[in-house]
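Engineer: Quick note, the sequences are listed as chains E and X, same order. Count the first sequence with this note's numbering and you get residues 50 to 159, in order. Count the second sequence with this note's numbering and you get residues 753 to 871, in order.
In case anyone wonders, no lab produced these hints; they're calculated from the structure. Among the clues, some could well be false.
Derived, one-sided and incomplete: chain X residues facing chain E with beta-carbon distance under 10 Å [what the hints assert, rightly or not]:
(1) VAL756
(2) PRO792
(3) LYS793
(4) LEU798
(5) PHE843
Below are the SDA-like pairs computed for lysine to any residue, each with C-alpha atoms no more than 25 Å apart in a straight line [stated by the list, open to error]:
(6) E:LYS91 to E:ASP131
(7) X:LYS772 to X:THR869
(8) X:LYS818 to X:ASP779
(9) E:LYS94 to X:LYS807
(10) X:LYS793 to E:LEU96
(11) X:LYS816 to E:LEU96
(12) X:LYS807 to X:GLN781
(13) E:LYS94 to E:SER121
(14) E:LYS51 to X:SER842
(15) E:LYS91 to X:ASP840
(16) E:LYS91 to E:ASN114
(17) X:LYS807 to E:ASN146
(18) E:LYS51 to E:THR151
(19) E:LYS51 to X:PHE843
Glycine included, each C-beta is placed from N, C-alpha and C at the ideal position.
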Amino acid sequence: RKEVEQDPGPFNVPEGATVAFNCTYSNSASQSFFWYRQDCRKEPKLLMSVYSSGNEDGRFTAQLNRASQYISLLIRDSKLSDSATYLCVVIRGGANNLFFGTGTRLTVIP
Amino acid sequence: GAVVSQHPSWVICKSGTSVKIECRSLDFQATTMFWYRQFPKQSLMLMATSNEGSKATYEQGVEKDKFLINHASLTLSTLTVTSAHPEDSSFYICSARDPLGRTMNTEAFFGQGTRLTVV
Numbered sequence: 050r051k052e053v054e055q056d057p058g059p060f061n062v063p064e065g066a067t068v069a070f071n072c073t074y075s076n077s078a079s080q081s082f083f084w085y086r087q088d089c090r091k092e093p094k095l096l097m098s099v100y101s102s103g104n105e106d107g108r109f110t111a112q113l114n115r116a117s118q119y120i121s122l123l124i125r126d127s128k129l130s131d132s133a134t135y136l137c138v139v140i141r142g143g144a145n146n147l148f149f150g151t152g153t154r155l156t157v158i159p
Numbered sequence: 753g754a755v756v757s758q759h760p761s762w763v764i765c766k767s768g769t770s771v772k773i774e775c776r777s778l779d780f781q782a783t784t785m786f787w788y789r790q791f792p793k794q795s796l797m798l799m800a801t802s803n804e805g806s807k808a809t810y811e812q813g814v815e816k817d818k819f820l821i822n823h824a825s826l827t828l829s830t831l832t833v834t835s836a837h838p839e840d841s842s843f844y845i846c847s848a849r850d851p852l853g854r855t856m857n858t859e860a861f862f863g864q865g866t867r868l869t870v871v
């Protein structure tokens, strides 16, 4: 089983829609969780960290469910500029244990 | 500003030549750096973990003699693609974390990536 699993999509949604991505992780010892955004031909950039209590940044909400071992990203009121690949990253502990999901491709349609 | 700098951002080389890619941590010392490869419309694939002062750890299927990694200092790791062939054309990205970050929840920082085209 992969350390981190993500639905690759693609997700094609109309502008203004709400879309949610999930990412599951296999190791319960995982400690830190992040969502990254990657635009075409660019490096991934941190979108937001995911805290146990959940966190929100504008139209973006991230949540962590340790019992079920998944994290989620909710995007409200989708904009055309949200079109990108969203990567789930899990860190188990220590600098060596960094795991990526395959990324979920989102396209927001006018 | 960038905390991990990668150079060059793009390179075109002839088949059979070698190409060196540099990855530098600017604001911190990175004992570990990660090298990834990404083909078009595919996800990041970890190639190897670069360890300062010791041998790199390669992922299964990655040829260590073809992809030479040197992590000679705490701020610099290099990836050399030896005897490059067209199938090595890809987007190569390095990453590092700050092991002395303020909290355990320190994210990974990525270099800008290097687009390699072998002709």
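Engineer: All hints are to be evaluated individually against the structure, with a verdict given for each.
Structural biologist: Okay, the hints, checked on the actual structure:
no.	hint	verdict
1	VAL756	holds (9 Å)
2	PRO792	holds (9 Å)
3	LYS793	holds (8 Å)
4	LEU798	holds (7 Å)
5	PHE843	holds (7 Å)
6	E:LYS91 to E:ASP131	holds (15 Å)
7	X:LYS772 to X:THR869	holds (13 Å)
8	X:LYS818 to X:ASP779	violated (30 Å)
9	E:LYS94 to X:LYS807	violated (28 Å)
10	X:LYS793 to E:LEU96	holds (20 Å)
11	X:LYS816 to E:LEU96	violated (33 Å)
12	X:LYS807 to X:GLN781	holds (18 Å)
13	E:LYS94 to E:SER121	holds (17 Å)
14	E:LYS51 to X:SER842	holds (23 Å)
15	E:LYS91 to X:ASP840	holds (18 Å)
16	E:LYS91 to E:ASN114	violated (30 Å)
17	X:LYS807 to E:ASN146	holds (17 Å)
18	E:LYS51 to E:THR151	holds (10 Å)
19	E:LYS51 to X:PHE843	holds (23 Å)
Figure legend: structure checked against the earlier numbered hints; hints not met, in rising order: 8, 9, 11, 16.
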